[in-house]
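Protein chains: 2
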Amino acid sequence: MRRPPVPTREAATIEIVAEQAGVSAKTVSRVINNERGVRTETRARVMAAIEKLDYQPNLAARGLAGARSFLIGLFYDNPGDYLSEFQTGAVQRCRESNLHLMVEPLVAADPDLTRAVSTLIRQLRLEGVILLPPLSDLPEVRATLAEAGIPAVHIAPMHRQDDSPSVDTDDRAAARQLTDELIERGHRRIGFMLGRAGHRATEQRYLGFADAMHAHGLAIDPKLVQTGNFEFAEGLECARRILSSPERPTAIFASNDDMGAAAVCVARQMEIALPQQLSIVGFDDAPVATMIWPQLSTVRQPVRSMGRAAADLIIQHKPHRRGWPQPMPRPHLDLEVILRGSIAAAPVGAA
Amino acid sequence: MRRPPVPTREAATIEIVAEQAGVSAKTVSRVINNERGVRTETRARVMAAIEKLDYQPNLAARGLAGARSFLIGLFYDNPGDYLSEFQTGAVQRCRESNLHLMVEPLVAADPDLTRAVSTLIRQLRLEGVILLPPLSDLPEVRATLAEAGIPAVHIAPMHRQDDSPSVDTDDRAAARQLTDELIERGHRRIGFMLGRAGHRATEQRYLGFADAMHAHGLAIDPKLVQTGNFEFAEGLECARRILSSPERPTAIFASNDDMGAAAVCVARQMEIALPQQLSIVGFDDAPVATMIWPQLSTVRQPVRSMGRAAADLIIQHKPHRRGWPQPMPRPHLDLEVILRGSIAAAPVGAA
DNA sequence: AAATGAATTGTCAACGCTGTCAATCGGTGC
DNA sequence: GCACCGATTGACAGCGTTGACAATTCATTT
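Chains A and B are the protein sequences, given in the same order.
Each step along the first sequence adds one to the number in the numbering used here, with nothing skipped, and position 81 is 1236.
Each step along the second sequence adds one to the number in the numbering used here, with nothing skipped, and position 259 is 1414.
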């Protein structure tokens, strides 16, 4: 009494595909992994069988049997605006290589951080890890990953390490370019709102600003450079300090859009006409940049592309005899300056 | 010539733990999986060995051998603001049960959506899937998951299905409550900006608004109810239509904060004093709500808690003989009305 | 003290795939 | 025609864990 061959929905295994194609399981495996040394005709036959049976290799089995896990980790701390864009880019790149992304929130200040990282990489056997700031700057995380021999890509790290790749944008050049736009419009006294101390972006954006000022022979008044922390609330204080200066600036460069929005609020409260009496620019092209009036001129971050690039670095990484390939891959993605209503010519008669 | 017992960093296997504890591998497995039928003393001994060797069970092996995969999927389409918060909540809940979250962006309009879903669930053998809107409303996704017997949790679905659990917030009650605040402050003519047609939130928020109006015997002027789509740009148009009405309202209820921010912009352009001449409220407590002046009164969504709840539903789900447990779990999380500067008493002499 | 049965523990064979290495195939050169 | 060599392909043994079921232990009962 044998069952008729019901077209059961049981997941096809590699054995079944092999039978269908008239080859061994190993050969099917070779095709799946795109190994060389399979005759074209054989490969085609296997592909057809895979297609016909709608076969999907089992990740767990592949991970157990082979050296790979097909898993990449994305470790982050603050789920900011940009995380979802970034991860979407990373997943897209992963898909192209049949990898999967495991997102893992971590707390940078956690005393057990090392243990948490260690647990993750050993349980999952990650093939690589993408570290978003501020995790990209923690030595203990770097060390744990390095010790386990897991390639890590650091996103916008404060301190570049020579032994690990990173994805960066040239914030400095973009900040300089945006500052140029202000100077070209006649602004001479320009305030600057710094981001959180210790972030690479904080440093680079200020340097770009200073580059432009110096290139035009303009002085930076220290009183007009105030420390913020990338957050709106702190930005309010920061903007107040700048705008209550006896000699008020005609423009403000905020290190990100949230603080730029804060400057807009403060200006409004002080009844400063925008943009006639004060130009304000931000950075990031966050959603808020277009949700206020006037809309902020800013710099668009190619966040999704950065996600792609990060995943790509891990995927491209072929283990060498020792360490990473030389030279260290370190893609720089282009930023785009976006001019909107918040920028205008300096008021006539300004210093 | 035998090597000295270097404290090698080789991953400890279950066998090694078993040896250390003086039991069989199977017993260690029992302890790991928290099965009953292990003597307390034995369990303690195994735990000690696990601790000592810093053993981490291999996910792939567990997935291959057992019925479980320890993987939950989070499928989303638009990476909005709230995704990262939501997923962080979901991951936190997963960690408590040693599960992992795989995030997978999908395109609702993709003709191959079914195939994409099918590939994912078979490759990964997901134990469950969380569907964010608008994916939570696509019949083909539901069907594919149901056919594969994979529990799915639907977040804020438009149409509740009786055969699947969902996580909802009571938008209607919160909208009513927020509207009450306006009415209590003397507002009688209130405009309403609708969200995107077909979303549950759009419907529920309007119904809550209508509930409050009717409860107070107030009429809703159809001209003051305009269709938006949750986006800022469209919100501008929408607000313009409402505010250019011959009999201008004294308050506007926007279905989300982005549109609320748009109303603020338009009011400013029309030189309407905020909040003296016009109160504006939003919904979601998005970042923008506190980045504009005046700050928007709104309703805070417990996004992270929703993520937790969604993961919890999957984890709690114990396969029954047939279908899901009765009654269908459907947690409703409490929303919080937040009053900020954008709400004020209706101008004296208003209708 | 032997029998009983529930609680506890162990044995062993998968799970679906890949790594290793051996076997086979086809074409060359002499 | 035969030894030889590179290109293909296959056989087989795990990878680290769990499921099914057998074995053992131990407190009770007769």
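Errors might be hidden in some of the hints.
Just so you know, same-sequence chains aren't split out, so a pair can sit in one copy or run between any two.
In silico lysine to any residue, SDA-like type, Cα no more than 20 Å apart, as pairs [as the list claims (entries may be wrong)]:
{"hint": "1", "residue 1": "Lys1181", "residue 2": "Leu1219"}
{"hint": "2", "residue 1": "Lys1181", "residue 2": "Leu1488"}
{"hint": "3", "residue 1": "Lys1207", "residue 2": "Ala1271"}
{"hint": "4", "residue 1": "Lys1378", "residue 2": "Ala1167"}
{"hint": "5", "residue 1": "Lys1207", "residue 2": "Ala1173"}
{"hint": "6", "residue 1": "Lys1181", "residue 2": "Asn1233"}
{"hint": "7", "residue 1": "Lys1181", "residue 2": "Gln1278"}
{"hint": "8", "residue 1": "Lys1181", "residue 2": "Ala1352"}
{"hint": "9", "residue 1": "Lys1181", "residue 2": "Pro1442"}
{"hint": "10", "residue 1": "Lys1207", "residue 2": "Pro1502"}
{"hint": "11", "residue 1": "Lys1207", "residue 2": "Ser1273"}
Don't read these hints as lab results, they were simulated from the structure.
Just so you know, these numbers come straight off a predicted model, no measurement behind them.
Outcome of the hint check:
| no. | hint | verdict |
| --- | --- | --- |
| 1 | Lys1181 x Leu1219 | both (16 Å within a copy, 19 Å between copies) |
| 2 | Lys1181 x Leu1488 | neither (41 Å within a copy, 52 Å between copies) |
| 3 | Lys1207 x Ala1271 | between (43 Å within a copy, 16 Å between copies) |
| 4 | Lys1378 x Ala1167 | neither (70 Å within a copy, 59 Å between copies) |
| 5 | Lys1207 x Ala1173 | within (12 Å within a copy, 44 Å between copies) |
| 6 | Lys1181 x Asn1233 | neither (45 Å within a copy, 40 Å between copies) |
| 7 | Lys1181 x Gln1278 | between (27 Å within a copy, 19 Å between copies) |
| 8 | Lys1181 x Ala1352 | neither (55 Å within a copy, 52 Å between copies) |
| 9 | Lys1181 x Pro1442 | neither (51 Å within a copy, 54 Å between copies) |
| 10 | Lys1207 x Pro1502 | neither (71 Å within a copy, 71 Å between copies) |
| 11 | Lys1207 x Ser1273 | between (41 Å within a copy, 15 Å between copies) |
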